Amino acid sequence: MSGKSGRAANETGALWEYRLARLRFFQGYLVRRSIDIWPEGPQAQGGQLGELDVVATALDPTARRRTELIEAKSGRVKEVERILWMHGLGAYTRAQEVTLAKARLDQRVRPVARRVKVNLLDEAAVDAAEKALGIGPDEWVGHADPDLGEGPLKAARSHLGSSEPLKRAGKFLFGSFWTTATFARIRQLHTLTGLLREHHAEVDPAALVLACGEVVALTALTTWEITHWRGQYEPVEFGKFAVDQLNGGLASTDQLHGLLEAIDTMNHDFVEKLHEEYTAAGVARLAHRIPRLQHEMLRPPEWAEAFMDLTERLQERGGLAMHVLRALDLRVVARLGSTRDTGRITRVWDGDRQSVEDTADLVERFCTSVWGLPAHGLQPVPSV
Numbered sequence: 004m005s006g007k008s009g010r011a012a013n014e015t016g017a018l019w020e021y022r023l024a025r026l027r028f029f030q031g032y033l034v035r036r037s038i039d040i041w042p043e044g045p046q047a048q049g050g051q052l053g054e055l056d057v058v059a060t061a062l063d064p065t066a067r068r069r070t071e072l073i074e075a076k077s078g079r080v081k082e083v084e085r086i087l088w089m090h091g092l093g094a095y096t097r098a099q100e101v102t103l104a105k106a107r108l109d110q111r112v113r114p115v116a117r118r119v120k121v122n123l124l125d126e127a128a129v130d131a132a133e134k135a136l137g138i139g140p141d142e143w144v145g146h147a148d149p150d151l152g153e154g155p156l157k158a159a160r161s162h163l164g165s166s167e168p169l170k171r172a173g174k175f176l177f178g179s180f181w182t183t184a185t186f187a188r189i190r191q192l193h194t195l196t197g198l199l200r201e202h203h204a205e206v207d208p209a210a211l212v213l214a215c216g217e218v219v220a221l222t223a224l225t226t227w228e229i230t231h232w233r234g235q236y237e238p239v240e241f242g243k244f245a246v247d248q249l250n251g252g253l254a255s256t257d258q259l260h261g262l263l264e265a266i267d268t269m270n271h272d273f274v275e276k277l278h279e280e281y282t283a284a285g286v287a288r289l290a291h292r293i294p295r296l297q298h299e300m301l302r303p304p305e306w307a308e309a310f311m312d313l314t315e316r317l318q319e320r321g322g323l324a325m326h327v328l329r330a331l332d333l334r335v336v337a338r339l340g341s342t343r344d345t346g347r348i349t350r351v352w353d354g355d356r357q358s359v360e361d362t363a364d365l366v367e368r369f370c371t372s373v374w375g376l377p378a379h380g381l382q383p384v385p386s387v
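Its first residue numbered 4, the sequence shown is counted upward by one per residue in the working numbering.
Hints are computed from structural coordinates only; laboratory data are not their basis.
A quick note: this is a predicted structure, and the numbers were derived from the prediction, not measured.
C-beta: ideal position from N, C-alpha, C; glycine also.
Be careful, since some hints might not be right.
Said to hold, decoys possible - Cross-link-like lysine-lysine pairs, in silico, DSBU-like; alpha carbons within 30 angstroms at most:
hint: 1; residue 1: K81; residue 2: K120
hint: 2; residue 1: K170; residue 2: K157
hint: 3; residue 1: K76; residue 2: K157
hint: 4; residue 1: K134; residue 2: K157
hint: 5; residue 1: K134; residue 2: K170
hint: 6; residue 1: K134; residue 2: K120
hint: 7; residue 1: K120; residue 2: K170
hint: 8; residue 1: K157; residue 2: K174
hint: 9; residue 1: K76; residue 2: K174
Stated by the list, open to error - Listed next, with one range per pair, are the computed distances between beta-carbon atoms:
hint: 10; residue 1: S165; residue 2: R67; range: 21 to 29 angstroms
hint: 11; residue 1: E279; residue 2: E315; range: 45 to 53 angstroms
hint: 12; residue 1: G53; residue 2: Q99; range: 43 to 51 angstroms
hint: 13; residue 1: S165; residue 2: Q99; range: 30 to 38 angstroms
hint: 14; residue 1: E100; residue 2: E315; range: 27 to 35 angstroms
hint: 15; residue 1: L136; residue 2: G197; range: 35 to 43 angstroms
hint: 16; residue 1: Q99; residue 2: R316; range: 35 to 43 angstroms
hint: 17; residue 1: S358; residue 2: P238; range: 19 to 27 angstroms
hint: 18; residue 1: E126; residue 2: G53; range: 29 to 37 angstroms
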């Protein structure tokens, strides 16, 4: 399973993960390795629940995201236990597919896996799939490149995971993003963009390039997911629904309106009573607008209209989604210093090459021009 270019991955198990990630990337998926799972919810406490070896994501023709979790094992493990653990993890993360990938599998565990709907993948099946796709042993690309993954990518992720100014952005980008609801992800990506803009000088250059690239790719993925909702509503109704979702997440705006109106009325009555007492004491009444919580708290974000425009444009280009997401990945690894030949990947969208590049540029421009993502984070890492 080893190859010269894979020696940066110092364990057989790590190289097995890279092979699985590479296979899915060649098969058209957006792929990430080593994704952490954290407790969810406002009252969530405690440490990391687990780690996903490989996450492979694709969008179906209606822009619904389908995610596969892959547990990669190369040594001796209790296979039935891992199958049951994967079944539970899939339910917890709401993944559509879960797969146990092990170099050699005991045939006796297959009935258990079928019963709990866990896919099994062994090295013989991976060998056959690689052969069918013509993947050479040293043909590594994107995030599925052990030289990159065990070098600059690993260091950049470590920096993001511990960065105080960025509120440990790595925990979100390479963890909770994957289990967070769509509109909440957009709000958090926007917040992270603000932190990157404010603290870019305090961030390691390679970590900044990785973070900015992830913001763009994950914004593209999530926006395409939101276009699925766009197809379920009339345009005006979708706009109202989307703005409601972007407003903050304390509760639905319908629920908040009544509460905020009651608070506004109480504040207004209190101020009016003060005015009456001052006037009775001979003090002139001052004319001053009283802020209304309904308007202040439920005001759509200033970028909402531009985001609605982005959803419309991406919906029109839905057939390019997976090409664009993989193209954005290839841009990032090139900025981080990868010189791998990506021709066999990009050849898939040769007929739409200009449209793919234009759409990738469109999402990058939204992130830089509308959200204020640092533009130099979308440039190659400066040489030392």
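Going through the hints against the structure:
1. K81 <-> K120: holds (18 angstroms)
2. K170 <-> K157: Roughly 18 angstroms separates the two Cα atoms, so the pair holds.
3. K76 <-> K157: Given that 30 angstroms is the threshold and the Cα spacing comes to 20 angstroms, the pair holds.
4. K134 <-> K157: holds (29 angstroms)
5. K134 <-> K170: Given pair K134, K170 is violated - Cα atoms ~43 angstroms apart, limit 30 angstroms.
6. K134 <-> K120: holds (27 angstroms)
7. K120 <-> K170: Violated. K120 to K170 sits at ~37 angstroms, over the 30 angstroms cutoff.
8. K157 <-> K174: Roughly 14 angstroms between the alpha carbons, so the hint for K157 and K174 holds.
9. K76 <-> K174: holds (24 angstroms)
10. S165 <-> R67: 21 to 29 angstroms: violated (35 angstroms)
11. E279 <-> E315: 45 to 53 angstroms: holds (51 angstroms)
12. G53 <-> Q99: 43 to 51 angstroms: Taking Cβ atoms as reference, G53 and Q99 lie about 18 angstroms apart, which means the hint is violated.
13. S165 <-> Q99: 30 to 38 angstroms: 32 angstroms Cβ-Cβ, so the 30 to 38 angstroms window holds.
14. E100 <-> E315: 27 to 35 angstroms: Given about 30 angstroms between the Cβ atoms, the range holds.
15. L136 <-> G197: 35 to 43 angstroms: Cβ of L136 to Cβ of G197: about 41 angstroms, so the range 35 to 43 angstroms holds.
16. Q99 <-> R316: 35 to 43 angstroms: Between Q99 and R316, where Cβ atoms are some 27 angstroms apart, the hint is violated.
17. S358 <-> P238: 19 to 27 angstroms: holds (24 angstroms)
18. E126 <-> G53: 29 to 37 angstroms: Violated, at about 24 angstroms.
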